[in-house]
Every structure is written in structure tokens, then in C-alpha cells.
Amino acid sequence: MLEIIDLHASINGKEILKGINLTVRDGEVHALMGQNGAGKSTLSNVIVGHPSYEVTQGQILFNGKNLLEMKPEERAHEGIFLSFQQPVEIPGVSMVNFMRAALNAKRKYWGQEPLSAGDFLKLMREKRRIVELDNKLANRSVNEGFSGGEKKRNEIFQMAMLEPTLSILDETDSGLDVDALRIVAEGFNKLRTPQTSAIVITHYQRLLDYLKPDIVHVLMNGRIVKTDGPQLAAEIEKRGFDWIKEEQ
Amino acid sequence: MEDKNSFVRQVAEKKYEFGFTTDVQTDIIDKGLSEDVVRLISQKKNEPEWLLEFRLKAFRYWLTQEAPTWGHLKMPEIDYQDISYYADPTAKKNQDAPKEIDPELMKTFDKLGIPLEERMALSGMAVDAVMDSVSVKTTFTEKLQEKGIIFCSISEAVKNHPDLVRQYLGTVVPYRDNYFAALNSAVFSDGSFVYIPKGVRCPMELSTYFRINARGTGQFERTLIVCDEDAYVSYLEGCTAPMRDENQLHAAIVEIVVMKNAEVKYSTVQNWYPGDSEGKGGVLNLVTKRGHLRGDNSRLSWTQVETGSAITWKYPSCVLSGDGSQAEFYSVAVTNNFQQADTGTKMIHLGRNTSSTIISKGISAGKSQNSYRGLVRVAPSAENARNYSSCDSLLLGSTCGAHTFPYMDAQNETAVIEHEATTSKISEDQLFYCNQRGIETEDAVGLIVNGYAKDVLNKLPMEFAVEAQKLLGVSLEGSVG
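One line per chain: the protein sequences are A and B, in this order.
Each number in our numbering comes from the position in the first sequence (counting from 1) with 308 added on.
Each number in our numbering comes from the position in the second sequence (counting from 1) with 12 added on.
Extracted from the complex, chain B is given alone in its bound form (with noise of 0.2 Å):
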């Protein structure tokens, strides 16, 4: 047994192979929360007049909130003051040639994978990678231009296609939807943009990489994506944080906006660093996601794989406004050690004949909390709406918990909701029956999480799906013992 638990400690002391911090040049304001603060972030991006004015509404209204307590979390206090609210690590600009990019920089992202040079890049796969506040560079943006796709970070967005972005920004995560959606319309630093214009399917996947690397710094991301009519995207987000001992808090919206006949699929593999193996530390992920199927007959899929975060409170949702529109969800959400996460989706049925699927699974282990919080509504124009919902919890060991709040509002009776939900725990004799066949049981537990969460990997894009695998394998080490 002692074998073991020294096993148990290695391995959680160096499963976060993220956790390495950049040294580079980074311009950060200072600490503290204020009109003053929310105009200097405005000037420093050089921002139009309407953006201000939308983030001081914003800032206002945040004065007026406090933050919600029903998710089934121990949040522990957040001082806004003790944060900045931006952080620039490309502040060292190279005087005879400003475009070029800080080798750091390119090192950092060369390190976690995600190369930044087209040569270099995977096939079919753009990228926008994010540090701290900005966007540090967007690969194939002009392939990407020739079919009239607009991918570049939030703030070139707005400076090159301001009325596009006008146009979008906040009517689907309006800034008075919630706490951190007002405080990340106030302070949002950098994300991506997406615009597929008319009847173009997007070429290659789209994604984007967060990064956090300055301390004592938040992030605040706001992606935005526009899918016109019978357009489609593939659109992933990966993000990963340094150790560090302090919370770090990770407040973003996304908002998608699917018009007639489009399809979007979103997928998000969240590996922030999830503190240390006694709870010290981690990303607080406090994250609004939405979209909004306005045309009839579009199609929006969310496929999450969540094992960071100390924090996870999160709720990918989705509007069904047109008619014949399909939303799907689907997660895995991993929490081990003293991990929580409180994530789940909304489903809100307005138009008619539109029908969502939701699958959720939880996997907990350590003395982790882990919760599917769900909410299906039906509005009474929704005549014909459907929804399965399957809602799982695996456990690893009896100090973790797994809870489901699924909630219904049904109001209209042709509606047809089905709801599953299962608890289970990989026994004993399951990891034995492993190793009598030669399969060590930290495999095991591997190889069984994997199989109990393939539903939900299969519909990740092939080179995530390899990703996310390993990662479930990585979060789990030492967690059976």
C-alpha cells in the first residue's frame, strides 16, 4: 500500500507537463478594477467609440451584481482589485521589423504543439494563438480570404470588419445575462473571430489556443463566430495555464451565431491547470457559452472534454429560435483531487419541429466534485420539440462526489423529453481481471475511463480525439490507489 501512495504522489507531482511559464516581455497594467481601467484597455486596443461605450454599460452594470452561488461549488473569494486586467506579452516589438514574432513566443506555442509557422502547422487546421490578452498570430488567413472567411483575433476584427462585429457582439451573451458575462463585457481582452459567409463550407478546421503565462493576471476571452446561411465550421479551443499557487480567473464568453441552414460544430479539449494534488492553486474557469440557432433548419453541436480548471462553471447552451434546428451536447468532464466542476448545457426550444440531444459524462475521482447541471425548455411556440438527454457519473474511489440537477420546463404538450441517468464505479474486480491479464491498473482505469467516455471523444475531430484520449489518461493518474 505504501509502494503505492508514493506511486500516487510522483505522479500527481508531475502529471501537469503544461505547467512551464514563458519568460518574455510583457506589458501589464496595473492591479485594480475601474472606469479608468476598462477606458485604458479601450485605448489600448484602439477602439471605436460604440466599443467603449458597450463596455462601460457593461462595467456599470457589473457594479450593480454579485456573483451567482447556486452552482455546487466552494468558490473561494475572488478580490477584483488584485487582478490586471491585461497583459501583453508582445509588448517587445522588434524595431526594423514589427511584424515579426518574439521567438519566445514561438517557442512557447512550438512546446505545447501548436506551431505557428504554416509550414510547420498540421494540415487543414488554422490557428489563432492566444497569450494572456492578445492574439499572438493567426495562421492561413489569407487562404482562408480568398473564400471570403474571415478568421483573425477580436481586436483586428474589430478594427478591419467593425461592423460585423457591431452587428453580432452581444446579441447572443447579452452583458446583462450574468455576472461574469458582464464583467468579461467590460474587460474582454483578445479571441477569435469567425465569419463563413453564404453557402462556403470552411475548408479546414478552425481553432484557437488560450494561453495564460503572466501572473497575477486574469484572462478574458471573447470569441465571436458568424455562420451564415447553409455555410459550415469545425471550430476548436484548446487552452492550457503555468503551475502556479494562486488562483488564476479565466472569465470568458463565446458566442455563435448559426443562420439558415448552417451548421457549426464547436469543440473545446480544457486542460487550464487544475491546481496542485492538495487544492492549492488553478484556474478558476467561470465561462458563458452560447448559441443561437436563429435560422431554420442550422445545426450547432458543443462537444467538450473538460480536466482542468479548479473551478469549472460552465454551460455551453444553445437557442433554438428557427425552425427544424438541432442542437447537440456532448461532455466529458474529469475532476480529480480537489478539482470541482459545475457544467452542463441549456437547451431552449422556441421554434417548432427542433429537437437537441444532450450527453453528459461525469467522471470524478480524488475528493473532487462533479456535477451535470442541465436545463431543457420548451417554449409554447415549440410545438414538436424533442430532447433525449443521458446523463452518467463514473466514480473512482468513495471521497469523490457526482451530482446531476437536470431541470425541466416543458410548455407545450407536444413536447417529448426523455431523460437517462446512471451512476456507476470501476470495481475492484474489473481492475483485477486488468491485471490478471497483464494490464497494470493505472492502464486499466485508462482503458475503462476511455471506453465509458467514447460517445462523447468519437465526435471530436480525429486529432483531438487522440489528444483528448491521452489527456483522460493523464488527468486519471494516480487516482486509483
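Bound conformation, chain A alone (with noise of 0.2 Å):
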């Protein structure tokens, strides 16, 4: 589904990612683990086409397509979905109004008629019962007054209404109680398949106790350092990142 070639990239003329191999197959999940600053967010960001970002090296090809040269939007069209470290609160325009551009974006895209109003009301409600959103968001502007854990909860909720194959969650349990973390990840989990794959971006092993990662990578300095199957985010959650940076 997913694969990275050599990626280097840069901000403002710095370099953060210094040569990035990546494979994701259909249905897996991976974890992405690292200490600040060793280039996560700098990767999902890369990877939906953020424009601060300088892609000076390499490709990335998503079923085969060069997703380098394609907008934002249609990063999103073509089934990539980022959950944000910090979603942005966007005043005045109702959650209603803003999936439902975002939803008949994707139709278009796909030469799809518009959902009708009432279609689209439908499917609202059922894809916020998965986690657990109270109705009353619908009518609040998009994350505006919305509590950590409901901005976390909401971006999980707009994952469910786009239905993509590639979703990248970044620190998406970071500020969020057990309680919240339990509703998110179980979220997450309804909407898996085996057509659909994600990258997980998380420091702690609580999220991944649910989200079950069949691929853990260690990234550092720009470069992913290390790769093993799921015993390894429990070693690094024992031992921290420093006996991987001495095996270097």
C-alpha cells in the first residue's frame, strides 16, 4: 500500500529525515516510537504533504502512485487520513458543514454525486456512536471549546466518516485519560479491516496494548534504526531508547 524510498526532507533548510525506508502492506499496523525530535511528526506530515516541508530526496508511492506530486486534498481523496498531534480549532463553521465539504470533496474526486442532506445526517450519527460523541457536537464549530479528549475522539470520528486505507495516528494518545484512551483506540479498532492499514505514532505502550501493531520501528535521528514485531515497543517501554542509540 504504502511504500517509502530513501525520503529526505527538510524545514527552513534543515534536514530532519535523512534517508527513510518504509513498507506498509494492506491490513498492518505499525508503530512508529522515537524520542522527540528524532523526525515522527516530520514523516506523517511529509507523508499528507504539509507545505512546510522540503522533500529533497526519494519517493513515496501509495498503490503505486506518486504521491509526491499530488496536492493535500488529493492525498486525502486517494484514502490518507492524519489524526493531529494538535487538531486546529476552526471557528464558525459547524462540524456538519465542514465533514460534509470534506465527504462530498472525496465523491467529487470519485465522481460520486453529492450525499443528500439527510443521507448524510444519517451517517453522521451512526459513525459518532463509535466513539461515543454526543449529538450536540454536530452544531459546535469544528474542535472550538472542545476538551483534549474530545478533540482526539473527533478526529477518530472524521477518520470514520472518510473511511480511509492509510491512517496515521500522531501522539493521538497524548493528554487523554484511561477512560478516553479506552474509547479512541476501541474506535479505532471497529473501523479496522483488512484492506486498511495505519501508522501509529505514540511514545507509550498503553495504546499500543489495544491497537496490537503487527511492526514496531524505532526512529532516530531522521532514520528508522531498528524494526521488530511487537515485543519491542514492551522492551523500549522497560528500557527507554538508550541501549538502541549504543547498539548504533
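Don't take each hint at face value.
[Said to hold, decoys possible] In silico lysine-lysine, DSS-like type, Cα no more than 30 Å apart, as pairs:
id: 1; chain 1: A; residue 1: K444; chain 2: B; residue 2: K482
id: 2; chain 1: B; residue 1: K437; chain 2: A; residue 2: K459
id: 3; chain 1: B; residue 1: K210; chain 2: B; residue 2: K272
id: 4; chain 1: A; residue 1: K430; chain 2: B; residue 2: K466
id: 5; chain 1: A; residue 1: K444; chain 2: A; residue 2: K430
id: 6; chain 1: A; residue 1: K416; chain 2: B; residue 2: K466
id: 7; chain 1: B; residue 1: K69; chain 2: A; residue 2: K379
id: 8; chain 1: A; residue 1: K379; chain 2: B; residue 2: K482
id: 9; chain 1: A; residue 1: K373; chain 2: A; residue 2: K498
id: 10; chain 1: A; residue 1: K430; chain 2: B; residue 2: K482
id: 11; chain 1: A; residue 1: K416; chain 2: B; residue 2: K123
id: 12; chain 1: A; residue 1: K326; chain 2: A; residue 2: K520
id: 13; chain 1: B; residue 1: K43; chain 2: B; residue 2: K171
id: 14; chain 1: B; residue 1: K437; chain 2: A; residue 2: K379
id: 15; chain 1: B; residue 1: K466; chain 2: A; residue 2: K459
id: 16; chain 1: A; residue 1: K444; chain 2: B; residue 2: K171
id: 17; chain 1: B; residue 1: K155; chain 2: B; residue 2: K210
id: 18; chain 1: A; residue 1: K534; chain 2: A; residue 2: K322
id: 19; chain 1: A; residue 1: K322; chain 2: B; residue 2: K437
id: 20; chain 1: A; residue 1: K520; chain 2: A; residue 2: K373
id: 21; chain 1: A; residue 1: K416; chain 2: B; residue 2: K482
id: 22; chain 1: B; residue 1: K210; chain 2: B; residue 2: K159
id: 23; chain 1: B; residue 1: K466; chain 2: B; residue 2: K123
id: 24; chain 1: A; residue 1: K444; chain 2: B; residue 2: K466
id: 25; chain 1: B; residue 1: K43; chain 2: B; residue 2: K57
Hints listed in this document are in silico derivations from the structure and should not be mistaken for laboratory results.
Take the two lone chains, each set in its own frame, and fit them into one complex as the hints suggest.
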């Protein structure tokens, strides 16, 4: 599904990613771990096409298509979704209007008619149950006045609406209490299919206990330095990153 | 980046979709302004002596005045001798059927979405269609007459209801009010006249559509609305003009009289040609609009969506004389490219227990300048006056300007005046968040701007709100990049 080959990227002239190679197949969940500043968020931002980052070398293929030639919205239509670490507030724009614009843009991209208002609201009702978001959400502005937990649940709700094939969760567990973490993680699991994949960025084992990644990578100084099964995450939880650094 | 810029250019070039001209035989008088021209206009319209006197007094006063310079505007020099003050596109009359309208004119208004055949018209809306200096047609007049409502062009009103016109004309905006009011009073051509008799609730929306067509002319519309005791009317105004390289002058006056327990809602969607993306051409929109809440418990609300014109100088105002009268002003002003707007309102509280609300939303993009200018005055007689003002500015990009000039003058210590102001910017993060969800930047800006202006758009009648929403999107196309 996703193939990253020798990816180098920089921001403001400073190189952050120094040759990333990563392959995600259909149905796999990859965990991406590493210390602050290792380049985890940069990698997710580059995949979704954030304009602040410049790709200087390498390529990203998504289902065989050259991702780096696509605009951020085209990448979204192709099925890539980012759950933001800090979802931004958009005052005045209701969740209903926002989601409707997003969903209909995707439908248009694939040559489908826009959803009728009735069908759309029905879909929203259905999907918000997955993350136990209440009804009032629909009339509230995007993320405005949402608590930290609500913002993260709202991200997973949007994921449920847009049905991406590749989801990137950027520290979706940060700032969540135990209950909120469970709701978010269970919501995510309900959305999993053999055709959907995910890259999960996290510092903690707790989220991975729920999500059960197939593969764990450690990112250090802009490179993936270690890749192993789920037991790697448990080991990092116990021993930190220093032992991996020493191995280098 | 280059891609984005060329896209911006494309959009900027095509975006004003009302820029066409109509090829119609038009009777235009020679350029220039003098007493003779004022007399000629009056003569062309077969006006009574008193109205000619009114015009001449205004003209002589205008000669002694100079254009105001206090606006936050860079006004081009206006050569008043280089403008024609009367253009009649209905000049070509069909000899056999003089009442028939030239099909070209019908087509023009059709193209603007204003069908003049009643069977085609929007349900529940009567229209007075004005092109250049003349009203082309007013629809549903007979139907409204059954209720005693008068809705016609002001020229017809002068002919058919001279006493009413004479009683109210110039009583809300006297010709001495300001430079452009004096000019308008001297040379005004057409506009609408509305009279709602006592106790009548006008059953349909009344609207006037103004269109400038002829080259080198100015438009000097004059609208007078009188809403008698216990009556109600909702009135809409729309306007467009062709794209021309030179500036065109539009100096209008709107006067509204609201009697006891009556209510008037006045909505404007102003979409005059704003000039091109280099700042060339565009309409100079220099307008005096004022309502007089004469009776107790009378109500007036102004709602305006301003997206057009190279320069907008306009302050729809309310004089709250009647005790317990209530006035509202809701405004969205959008400026892009090199547009300049200096707009706001005046709320003059004279009566007791009067209240006013001001909600202003400025949106600036490109290299434009957008100013809110407002005055709240509470006279010594106005016990327990209340005002709430909220003025917000939204900036797109870093080369535009937003300014707020609120003036307050409370001369009665029972007055309660609240003022809030915010300035915000659409952030890159917000746009990227939308992009990531699949919403392209242009649509994201439209979504955010409409959300921002929603409090005002909600006040518009439904048909207009949809139009206005689309218009906001179009006006800002190409403003981010």
C-alpha cells in the first residue's frame, strides 16, 4: 500500500529525515516510536503533504501512485488520513458543514454525486456512535471549545466518516485519560479491516496494548534504526531508547 | 508556488460574472454639470415646479461645498464635468406598443437572474428594475395596490402621488447633509418609492435591482420608503455594473421613515464592479442611507453584504426618535485586490428606552483596506438608551488592512453602551487541516469566511442569503496564495 524509498526532507533548510525506507502492506498496523525530535511528526507531515516541508530526495508511492506529485487534498481523496497531534480550531464552521464539504469533495473526486442532507446526517449519527461523541457536536464549530479528549475523539470520528485506507495517528494518545484512551482505541479498532492500514506514532505502550501493532519501528535522528515485532515496544517501555542508541 | 499564482490570476480575471454590457439604444445627455443640466433632467422627467426648486437649491448648496476627506480612503479625483448625469436605455420605444419593454433589456435582467415577467418571477418578490437613470419595469404593482401598498419608481410616484413624495422627500436626509447628498438631491434620476399604509403587512418582499450600463455616466438613485403605523415591509436591494476601465460614480440616497409600531427590514447585497486585480476601474459607491424611527416602538434593521465597488463610502444610519424604538445594523464588508471600504453606521438615540445593535464583520484580502466607522450618540433626552456593538475583522494574507473607528458620545448618564472588537486571521494551520480532510484551499476559505459571517447572513431573507453566501466565495477567490 505505502512504499517509502530513501526519503529525505527538510524544514527551513534543516534536514530532518535522512533516508527513510518503510513499506506498509494492506491490513498492517505499524508503530513508530522514538524520542522527541527524531522526525516522527515530520514523516507524517511529509506523507500528507504539509507545505512547510521540502522533500529533497527519495519517493513515496501509495498504491503505486507517486504521492509527492499530489496536493494534500488529493492525497486525502486517495485514502490517507492524519489524526493531528494538535487539531486546530476553526471558529464559525460547524462540524456538519465541515464534514459535508470534506465528504462531498471526496465523492466528487471519485465521480460520485454528493450525499443528500438526509443521508449525510444519518451517516454522521451512525459514525459518531463509534467514538461516543454526543449529538451536540454536530452544531458546534470544528474543535472549538472541545476538551483535549473530545478533540482526539473528533479526529477518530472524522476518520470514521472519511473511511481512509491508510490512517496516521500522531500521538493520538497524548493528553487522554484512561477512559478516553480506551474509547479512542476501541473506536479505531472497530474501523479496522483487512484492507486498511495504519501508522501509529506514540511514546507509550498503553495505546499499543489496544491497537496491537504488527511491526514496530524506532526512528532516531531521521532514520529508522530498528524494526521488530510488537515485543520491541514492550522492551522500549521497560528500557527506554538508550540501549538502541548504543547498538548503533 | 508558480502554479498557485497562475491559478490566482485566472480566477481574478474571470471572477466578476456580471461584467457584460447591454447593447441598447440609450438616450444620454451631454457630459457636464450646471443649472441647465439640472433643469434638463427635471424637464425630461416632466417634474412639478417644487421638485425643480428642490433640485436647484441642492445644486447651489453643492457648489459651495467640498468633498469630505475624513474617510480612510484614497479617493481618485472626480471630474464632475466629465460625467453624464442622465442615461435612458428605454429611449427606443415601439411606436405601436409604447408600453412594451425592449427585449434586450428583458434579456439583460434575465441574465442577472431578475426575470421581469411576473409569471417567471421569484415567488413572493416584487421587483423594481432600474437601469442607468430609468426604471425599466416594476412587477406586481397591481397586486400590491389591492392592499393599498404603493411600490413604483420614484419618477412615477412624483407623477401619481406627489403629495406623499413632497411630504417625506428630504426629511430624513436633507440636501445639506453632506456633499454627495447635495449632489444626489440635485441630479437624482430613478429609484424606488414604497408606501405601506397603516396596519398593512406587506405580503411579499419588495426589491429594487440597480444596474449601471452606459459608459461615462453616473447613477444617482433615490429611494424613499415610508412605513406607516403598525405596518411591516421587508425590502431588498441588489446591484451590478459592467467591467469598465474608468471609475463610475454611484451616489445614492435612501430615506426610510418608520412610524409608530411599524417595522422595516432593509437588506442590501452590493456587488458593483470592484475594478480589476490591478485596481483599475470599478464603481465609486458614495451613498447616504438613513432611517428615521419616528414613531414609538418602531423598528428598523439594516443588513448589508458589501462585496463590490472600488470604493465604498456608506453608513446606513438610524435616528431613534420614538420612545422604545429599536434599530439594528448587520454588516459584512469584503474587500479584495485594491478595493477600499469605509463603512459602518450611526445610531442616534433621541427617544427614551431606545436600543440599538451593531454587528459588523470586515473581511480583507489582497492589498485592500477595510474600515469600520461607527457612531453611537445618546442625546440628553434619551433615558435608558442601550447599545451593543461588535466589530470583528478577518484578515487574509498580510498585505491588507483592517481598521476600526468607533465613536461614542453619551450625554445621558443612564446610557449603557457596550463595544467589542476582535481581529483574526485565517491561519495556515486551519487551511492545512481542511486540505488534509480533502477540502481544497479555495473552498476552505469560503467555508471559514461564511462561518465567520454567519451571524449576519442569517439575517438576510432566504433567497438572498444563498446568493450572498455564493458571492462571498466568489469575491475571495484567488485571495490566498
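Results for each hint:
no., hint, in the structure
1, A:K444 <-> B:K482, "27 Å, holds"
2, B:K437 <-> A:K459, "22 Å, holds"
3, B:K210 <-> B:K272, "10 Å, holds"
4, A:K430 <-> B:K466, "25 Å, holds"
5, A:K444 <-> A:K430, "15 Å, holds"
6, A:K416 <-> B:K466, "26 Å, holds"
7, B:K69 <-> A:K379, "64 Å, violated"
8, A:K379 <-> B:K482, "25 Å, holds"
9, A:K373 <-> A:K498, "28 Å, holds"
10, A:K430 <-> B:K482, "26 Å, holds"
11, A:K416 <-> B:K123, "28 Å, holds"
12, A:K326 <-> A:K520, "28 Å, holds"
13, B:K43 <-> B:K171, "27 Å, holds"
14, B:K437 <-> A:K379, "23 Å, holds"
15, B:K466 <-> A:K459, "23 Å, holds"
16, A:K444 <-> B:K171, "58 Å, violated"
17, B:K155 <-> B:K210, "17 Å, holds"
18, A:K534 <-> A:K322, "24 Å, holds"
19, A:K322 <-> B:K437, "28 Å, holds"
20, A:K520 <-> A:K373, "28 Å, holds"
21, A:K416 <-> B:K482, "19 Å, holds"
22, B:K210 <-> B:K159, "10 Å, holds"
23, B:K466 <-> B:K123, "28 Å, holds"
24, A:K444 <-> B:K466, "19 Å, holds"
25, B:K43 <-> B:K57, "18 Å, holds"
When held up to the earlier numbered hints, the structure conflicts with 7 and 16 and fits the remainder.
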